[in-house]
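J.: Take the sequences, apply the hints, and build the full model.
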Amino acid sequence: MNRLEITSFKERVDLVKVVGHYSTLERKGAAYLGLCPFHDDHHPSLRVDPAKRVYHCFSCGAGGDVFRFVQEKEGCGFGEAVRLCADICHLPVPALDAETQKHRPDHQPIEKGGSQAVPHQVREQVPAPTVEMNERYGQALLSYDPGMEELRETYAAFEVGIAPAIVPEAWKFTRGRIVFPIRNAAGELVAFAARYRGDLPAKKIPKYINSSTSATYKKDELLYGWHRAVSKVRETGIVFLTEGYKDTLAMHAAGFSNTVALCGTNLSEHHIAMIRKEAVTVCLFLDTDEVGRETVAGVMPKLRSAGLRVVDILPEGGKDADEMFRSLGHEAFIHWVEKAMISPARRKAESLLVAACRRWPDTLCLTEEGEEALYVDNIRKILSSDDLLPADSLVPALDAGPQKDRPETKELDNLYALHTDSSHSDRVRRSELVRHLFLNYLEVRLVDRVRQNLHRLSRTFVDEESRVLLLSDLQYQRNYLSSVSRELGRR
Numbered sequence: 001m002n003r004l005e006i007t008s009f010k011e012r013v014d015l016v017k018v019v020g021h022y023s024t025l026e027r028k029g030a031a032y033l034g035l036c037p038f039h040d041d042h043h044p045s046l047r048v049d050p051a052k053r054v055y056h057c058f059s060c061g062a063g064g065d066v067f068r069f070v071q072e073k074e075g076c077g078f079g080e081a082v083r084l085c086a087d088i089c090h091l092p093v094p095a096l097d098a099e100t101q102k103h104r105p106d107h108q109p110i111e112k113g114g115s116q117a118v119p120h121q122v123r124e125q126v127p128a129p130t131v132e133m134n135e136r137y138g139q140a141l142l143s144y145d146p147g148m149e150e151l152r153e154t155y156a157a158f159e160v161g162i163a164p165a166i167v168p169e170a171w172k173f174t175r176g177r178i179v180f181p182i183r184n185a186a187g188e189l190v191a192f193a194a195r196y197r198g199d200l201p202a203k204k205i206p207k208y209i210n211s212s213t214s215a216t217y218k219k220d221e222l223l224y225g226w227h228r229a230v231s232k233v234r235e236t237g238i239v240f241l242t243e244g245y246k247d248t249l250a251m252h253a254a255g256f257s258n259t260v261a262l263c264g265t266n267l268s269e270h271h272i273a274m275i276r277k278e279a280v281t282v283c284l285f286l287d288t289d290e291v292g293r294e295t296v297a298g299v300m301p302k303l304r305s306a307g308l309r310v311v312d313i314l315p316e317g318g319k320d321a322d323e324m325f326r327s328l329g330h331e332a333f334i335h336w337v338e339k340a341m342i343s344p345a346r347r348k349a350e351s352l353l354v355a356a357c358r359r360w361p362d363t364l365c366l367t368e369e370g371e372e373a374l375y376v377d378n379i380r381k382i383l384s385s386d387d388l389l390p391a392d393s394l395v396p397a398l399d400a401g402p403q404k405d406r407p408e409t410k411e412l413d414n415l416y417a418l419h420t421d422s423s424h425s426d427r428v429r430r431s432e433l434v435r436h437l438f439l440n441y442l443e444v445r446l447v448d449r450v451r452q453n454l455h456r457l458s459r460t461f462v463d464e465e466s467r468v469l470l471l472s473d474l475q476y477q478r479n480y481l482s483s484v485s486r487e488l489g490r491r
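Just so we're aligned: the sequence shown equals residues 1 to 491 in UniProt numbering.
It should be emphasised that the hints constitute simulated quantities derived from the structure, not laboratory data.
Keep in mind that this is a model prediction, so the values were computed, not measured.
Ideal placement from N, C-alpha and C gives every residue a C-beta, glycine not left out.
A few of these clues could be false.
[To be verified] Dumping the calculated DSS-like pairs for lysine-lysine here, alpha-carbon to alpha-carbon at most 27 Å:
#, residue 1, residue 2
1, Lys-218, Lys-277
2, Lys-218, Lys-232
3, Lys-52, Lys-17
4, Lys-319, Lys-277
5, Lys-232, Lys-319
6, Lys-218, Lys-207
[Unchecked claim] Per label pair, the in silico range of CB-to-CB distance:
#, residue 1, residue 2, range
7, Glu-294, Asn-2, 57 to 65 Å
8, Lys-207, Arg-304, 42 to 50 Å
9, Asp-463, Gly-489, 37 to 45 Å
10, Val-468, Leu-488, 29 to 37 Å
11, Asp-145, Ser-485, 50 to 58 Å
T.: Next comes the structure, spelled out in structure tokens:
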């Protein structure tokens with residue numbers, strides 16, 4: 001493959017697609033901007049120019065063409081970079097002679113850090129390790145203490161360790177780092193992610209380095225932790241999606257074992273297909289920084305167009321899931337996540353009902369026995385019954401008692417005029433409004449329960465006895481939902 005052939009092939013390679021495989025890019029005019037993968041970048045400093053077919057980082061100075069980008073990112077030779085570009089862009093792999101496998105035909109050195117050119121010493125391409133080889137290396141990892149008792153069992157279960165003193169060539173990128181074994185859907189150990197230990201030094205060193213793309217390890221076809229999460233995802237119909245390995249481990253430690261992470265790449269169509277096969281709801285638990293919010297904005301439409309419900313969980317205080325777990329502690333973190341994963345529709349219905357009950361705590365209603373009772377007490381009784389909506393989060397909210405000047409006050413006034421009979425007394429109208437809000441809340445919750453049971457019936461393997469019970473519960477919920485919807489005047 002001579003220089004002319006290399007140039008011809010490079011013209012067919014989509015630079016934006018290749019760089020976007022490793023870092024989220026956003027179009028800015030004729031170019032694209034994103035976080036630089038060659039240093040700990042928190043503000044997009046990588047500029048990709050598709051017209052000139054070059055990239056450049058304004059912070060660390062990294063730059064060059066598409067082949068240089070892949071060589072630097074993967075730590076591979078020129079021939080492997082060509083093959084990876086072909087794979088990412090779905091192009092035929094060009095024939096490479098022995099010399100081209102090692103060096104660029106033009107023998108141009110790769111510039112490190114953008115300061116001065118240094119001789120580019122390309123090692124002989126090491127074949128991608130097999131699953132068996134990865135398993136042996138994984139067993140050689142030293143034990144790692146995550147620094148928190150509640151995390152130790154999970155880190156051990158996911159086989160997280162520290163690279164040993166002597167590291168074979170195939171895994172040299174893990175030296176001196178915390179190592180996260182990456183398994184595919186079948187549980188096979190196909191790759192590793194290596195995290196820098198401690199705070200990053202002043203010189204530009206990547207926080208994470210992953211195994212090179214290979215026939216068995218393709219980032220856009222794999223979700224970290226999927227092999228452990230899929231059974232819970234299938235059972236609940238819910239999957240939590242995080243950005244990092246440590247975030248996923250924190251979620252598993254808290255009991256949310258239906259959590260997976262992106263392996264340092266964008267959410268691909270393959271990822272969406274994996275999720276859609278097993279889940280109906282995706283809870284995005286991504287970072288609060290600019291990149292995290294941009295990722296959410298880009299991912300949500302894709303997931304919704306695939307027919308999935310999406311809930312955006314926003315971490316508090318600019319922290320990620322791992323930091324929140326360590327800060328809040330096990331129990332408080334669980335409570336926070338359970339509250340945060342409530343759908344917007346349910347959160348709205350719940351907040352209005354709680355606001356009304358706290359504003360008018362003495363509102364009366366007729367019970368099923370024909371007796372007068374406080375609406376708050378009746379709602380609490382209904383929601384606490386085991387055959388309806390047990391362990392509902394609304395019950396403790398109602399127990400909190402009256403609260404004035406809630407932000408929902410103005411909306412309650414509007415609903416008061418819309419859903420009550422103006423010819424009735426204020427006392428009766430308040431009862432009418434609380435009843436309407438309660439029915440609306442029940443409708444939202446029952447829709448969720450019906451959807452969950454339908455998912456369990458269609459995607460979970462259950463024995464015949466359990467299936468009969470599930471069908472009976474589903475029929476009950478559907479009948480109750482129909483009754484509530486009729487009372488709300490739905491068609």
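J.: Against this structure, judge whether each hint is valid.
T.: Verification of the hints:
no.: 1; hint: Lys-218 / Lys-277; result: holds, 19 Å
no.: 2; hint: Lys-218 / Lys-232; result: holds, 24 Å
no.: 3; hint: Lys-52 / Lys-17; result: holds, 15 Å
no.: 4; hint: Lys-319 / Lys-277; result: violated, 31 Å
no.: 5; hint: Lys-232 / Lys-319; result: holds, 26 Å
no.: 6; hint: Lys-218 / Lys-207; result: holds, 20 Å
no.: 7; hint: Glu-294 / Asn-2: 57 to 65 Å; result: violated, 41 Å
no.: 8; hint: Lys-207 / Arg-304: 42 to 50 Å; result: violated, 31 Å
no.: 9; hint: Asp-463 / Gly-489: 37 to 45 Å; result: holds, 41 Å
no.: 10; hint: Val-468 / Leu-488: 29 to 37 Å; result: holds, 31 Å
no.: 11; hint: Asp-145 / Ser-485: 50 to 58 Å; result: holds, 54 Å
Violated hints, listed in ascending order, are 4, 7, 8; each of the other numbered hints is respected by the structure.
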